[in-house]
Every structure is written in C-alpha cells, then in structure tokens.
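Colleague: The lines below spell out each chain.
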Amino acid sequence: MGFVNVKKQEVLVKLVYYGPGRGGKTTNLDYINNKFKERIKTDMVSIKTHGDRTLFFDFLPVDIGKIKGFDIKIQLYTVPGQVKYNATRKLVLKGVDGLVFVADSQVEMREKNISSFNQMKENLVSMNKDITKIPLVLQYNKIDLGEQGVPLLGFDTMEADLNSELKVPSFEASAVTGYNVVNTLKKAISLTMVSFKQELL
Amino acid sequence: MYGVTQEQLDKIDELIVSDLIGVGVHSVIVVDVAGNVIAEHDNGTTNIEVHAFAALAAGNFAAVDAMAQLVGEQEFSLHFHKGEDESIHFSKINDDILLITVFGNDVSLGFLRLKTAEVIDKIKEMWQTTEY
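In order, the protein sequences belong to chains A and B.
Heads up: the first sequence at position 127 corresponds to 236 in the working numbering, and the numbers run straight through without jumps.
Heads up: the second sequence at position 125 corresponds to 176 in the working numbering, and the numbers run straight through without jumps.
Chain A on its own, in the form it takes in the complex (with noise of 0.2 Å):
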C-alpha cells in the first residue's frame, strides 16, 4: 500500500528485495547506498546478526524527484533470506508496492531460487495479494562469477525456472560490482509506479 500525503506532498512507495540466502539483496542496497549518496539523506539501517546475515531486514529511502508536484520517495527493504526467518518476511512483505527478486545465479543454488520464488508466491497470497498483479523484476546475481570459472545456471535455464508464466522484466546482474543493479532499480521503480497511476485512475 503505498502512501501519498497530501499535505507534504510525497507518495511514499515500498520496495522489496526478496530471495534466497546469500544471494545478494543487502548488497543492492549497499550498491545503491554508495552509488546515490547524494540523494540518500539518512544512514541506511541494517539488523544483522554477529555472523552479517540479515536478521530482520535492511531499509533504505531514496528520493527519485517529483511528479506533478508530489515527492516521490522510494522506500527500499530487504527480507532476511535465511529459510527459518519466513515469519520476519512475510512482516517485511507487509504493505509491499513492489518487488525485485534477487536469484543466485550459480547451479549449485537452482533449488533454493525455486523453493525461495514460490515462498514469495505464498507469502504474496497469505496476504491477498496476486504475484500476477503486483510490480516484479527478476535479477539473476552473481553474473561475474562465470568470470572465475563458477559454474552458472545461465540466462535460459533461470527464466524458464523463475519466469516461464509471468514473464517480468529479468535482469543478470552482479550486485557487487554494480552491474544492472540500477538498471533493475529503475524497472522497479517505473513498474511500480505505472501500477499507482492505474490503481488511481
């Protein structure tokens, strides 16, 4: 449910990076973080654990300018990725605009991409949301791992595991270099925005 205050003139707007465990969500962030300080008026705030894993979940504001008056400010999420925190991703999941759903592109991840894409697709429902409806990028990380000779699932192989029946907008990317992290921001962004105006008109 994204929000628009009248009288401050914003539409505040909630993005979630969803996905499997070490995949690389907290790093778009940090990417996207580092990349537009500039426009990133606070600290992004990150409840981790000792060992770095994401515990609850990373938040970071961006604001992305104006239209027709209203400020728009893009509210980034992460859910902890670990498989025994579902509890804290469906409250992250909670008023969710839109999503971008970070997969591992190494083989040896194939399933936890899968088991992790249709968790998303329950939590989705078991808050009366359609996955069909609501805005979605895939971004398949971790692209320059093939570089070092890590076996990759591969372009193909990925859309028909995570992308056959919605067809989305799917990147490959490498959240630690920065590759198509932005590319895969603005999607969402702009499909999530695209998706207000519809609700509105």
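A portion of the hints provided could be inaccurate.
[As the list claims (entries may be wrong)] Label pairs and their computed distance ranges (CB to CB):
id, chain 1, residue 1, chain 2, residue 2, range
1, A, Lys146, B, Gly161, 40 to 48 Å
2, B, Glu176, A, Arg219, 50 to 58 Å
3, B, Lys133, A, Lys295, 38 to 46 Å
No wet-lab data here; the hints were simulated from the structure.
By construction, the Cβ of each residue, glycine as well, lies at the ideal position given by its N, Cα and C atoms.
Using the hints provided, position chain B relative to the given structure of chain A.
Modeller: Leaving out everything else, chain B in the frame of chain A:
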C-alpha cells in the same frame, strides 16, 4: 494504496501539537504498519531520522505482535521502551496505524498514557481510511 484527506491530516496535526507536544512530549510520529510516515511533529529539541525510525517502529510493532500471538494474546496494544533520558511509547490507533511518542523524564508514563489514549480516541472519531 490509500490516502488521507488534507482536512484529516490538519486535524491530526492539531491534536498532536495541542495534546502531546503541548504537554512536554519531545516528538510524535504517526506511522502505518508498512512503515510509512503519516504525520510527524517535534518540539524542536530532537533530531530523529523519521523515515528510518518509522520503518524500525513498524517492524518492531509487528514483531511484538507476533510474539503476543505466541503467548496466546491477540495483540499487545501498547509498548514502552525506557531509556535514561528518552523513552518511547507505542500505541495502536487502529489495525493499520500506530502512534509513537518520544518523551523525557519530565513527563510521567501514566500521564502520557492518559494523553495518548485521549488523542487516539479523538483520531479514531474522525479517521476514515480511504481505499482507492
């Protein structure tokens, strides 16, 4: 997606300033359960990063609600965190909206609870969430 009318926001602002900031509360933030800031006021002495605060507050409230259910309660409708100089009091306005106050040692918890309950009753009277 939802919105609140200008008139409703003005009324909430008036209530917060007169009934809470007016009695010594340092800062008041109204947030929804998704972590969006609906209204914010302070007495000029605090400098809280409200958007991060709202995200954490909504997350905290949701986590404590989940704990409530584990012990067989429907919800804990108010939460209070005591600090040395600043304390935080959370209460629910309705299922979607939370009222958070930050206050110092000069305001007693009992008095604050009384005032927040009054404000919540008044907001509830006029509040209508408009679903688009």
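Colleague: Hint by hint, say whether it matches the structure.
Modeller: So, going through the hints one by one against the coordinates:
no.: 1; hint: A:Lys146 - B:Gly161: 40 to 48 Å; result: 44 Å, holds
no.: 2; hint: B:Glu176 - A:Arg219: 50 to 58 Å; result: 55 Å, holds
no.: 3; hint: B:Lys133 - A:Lys295: 38 to 46 Å; result: 44 Å, holds
The structure agrees with every numbered hint stated previously.
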